[in-house]
Amino acid sequence: MKFTDVDTAFAYFESFTNLAKKTHYTVRTYRLDRMVALLDHFQHPEHSFKAIHLAGSKGKGSTGIFIRAGLSAKGHRTGLYVSPHVSNYRERFTVDGQFISDGILIKTINFMIEHLETFTFSEEKGYIKPTTFELLTLLSFLLFKETHCGWAVIETGLGGRLDATNVILPELSVITSIELEHTAILGDTIEKIAGEKAGIIKHLTPVVIGNLKNSAENIIKQTAKRLESKIYSLSDEVDSIATRTHFDGEKSTISWKHKKITKLSLRLRGNFQAENAALALLSLETVGEYAGTQTIQALEEAFLPGRMELLQNDPPVFIDGAHTEQSIIKLYDSFRQIFSNKEGLLIFGAVLGKNHELMADYSIKTFNKIIISTPGSFKESDPDALYSLFIRKKEELNLDCDISLEKNPAAALSLALKENSYLKLNNMPILVSGSFYMAAEIRSLYLDQLIMSNYL
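Each residue of the sequence shown is one higher than the one before, counting from 0 in numbering that gives the first Met the number 0.
Rather than coming from a laboratory, the hints here were simulated on the basis of the structure.
A couple of the hints might just be wrong.
[To be verified] Lysine to aspartate or glutamate pairs mimicking EDC-like chemistry, simulated, CA-CA at most 20 Å apart: (1) K393 with D383; (2) K128 with E13; (3) K220 with E178; (4) K144 with E113.
[Stated by the list, open to error] Ranges of calculated distance between the beta carbons of each label pair, as one might list FRET restraints: (5) F118 with S234: 38 to 46 Å; (6) L398 with Q325: 18 to 26 Å; (7) D32 with K1: 24 to 32 Å; (8) L398 with T292: 44 to 52 Å; (9) T188 with L396: 24 to 32 Å; (10) K128 with K229: 34 to 42 Å; (11) K1 with A384: 40 to 48 Å; (12) A10 with E116: 16 to 24 Å; (13) S443 with E394: 44 to 52 Å; (14) S264 with K128: 42 to 50 Å.
Glycine included, every Cβ here is placed at the ideal spot set by N, Cα and C.
Can you build the whole structure from these sequences, using the hints too?
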């Protein structure tokens, strides 16, 4: 089998077991031995570059893009592997902030498919095929080898200990944050989830961690001590972070405990980005790749889609992939720093398996208009049940909030834009959130130029 089209090739990858589509999991599906066998078969392309490995409930993508930008600014050809993508699979594999050409993608994919024909992995139940994420991870390693990357920043897909990326021997492990997430796989307590994230820590390899809850930080530190790995934490290195979200980006000041002050004007919006940037700076310094002003400028210019991204100005339309309690709180706080009153319209769509109750509470308290919609079809969702929950929460909170249901994302966006026009609401800002998949649905409408020019 040979491919001539990248999108068709990625569709073929999706024909394998795609754990990312599931909302209910079994632990049996997560394992490392199959990924190790794949890398043996392909003669270990991951040995061709130095790596930094990231895990965390939130902030992996942004921290990863900051670290990648810093490494590229130092002159290192640097790959970045992230998940999920917002609009296109190409987003998952970039080199120095640029998409890899379709020619190299097709060449590498065809090489991989050809060699997969002679790959076998069997157990008592018979032949077991690789999963979609395992194939994508293998592809990233092959692409970074093919493009002669000296460094690669690798983000875990889910958890850490049994994640397919946890086959690398990195120069540094980074754990950004820990919240209750994917509890069917990772465990139903912060401590259990911390144990899974700690699984990326390697013997005698330094670890950098964000501001974690004490129970999670204790687990990480115990693991690091057992593996004789030196640990660097933001709480130990940073006195304070002052940050303010503006329409054109994030203005931040990081005060370090050794009296140094770092001022940043980040392109990436959101008060959460200041901590991600601090974590990236600490990571770069730990591996000896911090270069002062050169590094700062690189971080300021870094961009990742779907992170409080502005799609249009009039009226303002922002999208963000926030899908956990803490990320929703931080996102809404940043949104209100730009738009100070409660006027605002939220298009909200969430997949199953998330804490919808708490997200509903914060949403109703923050917005005076909410449209519940469908976050695509990639993962299972129930917009009808979500709408009923929001209505119930509105009554419990006794707050004035107009909540409606429009399952079609394009129609939901059209309705939001019409609200601005018909009600003369002074360009009431629109925020799309609840899931990366919801953000992706709305972003695709702009990328595909499907917005009707006559919505007014």
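For each hint, the structure was consulted:
no.	hint	verdict
1	K393 with D383	holds (15 Å)
2	K128 with E13	holds (12 Å)
3	K220 with E178	holds (17 Å)
4	K144 with E113	holds (18 Å)
5	F118 with S234: 38 to 46 Å	holds (45 Å)
6	L398 with Q325: 18 to 26 Å	holds (22 Å)
7	D32 with K1: 24 to 32 Å	holds (29 Å)
8	L398 with T292: 44 to 52 Å	holds (47 Å)
9	T188 with L396: 24 to 32 Å	holds (28 Å)
10	K128 with K229: 34 to 42 Å	holds (40 Å)
11	K1 with A384: 40 to 48 Å	holds (44 Å)
12	A10 with E116: 16 to 24 Å	holds (19 Å)
13	S443 with E394: 44 to 52 Å	violated (34 Å)
14	S264 with K128: 42 to 50 Å	holds (48 Å)
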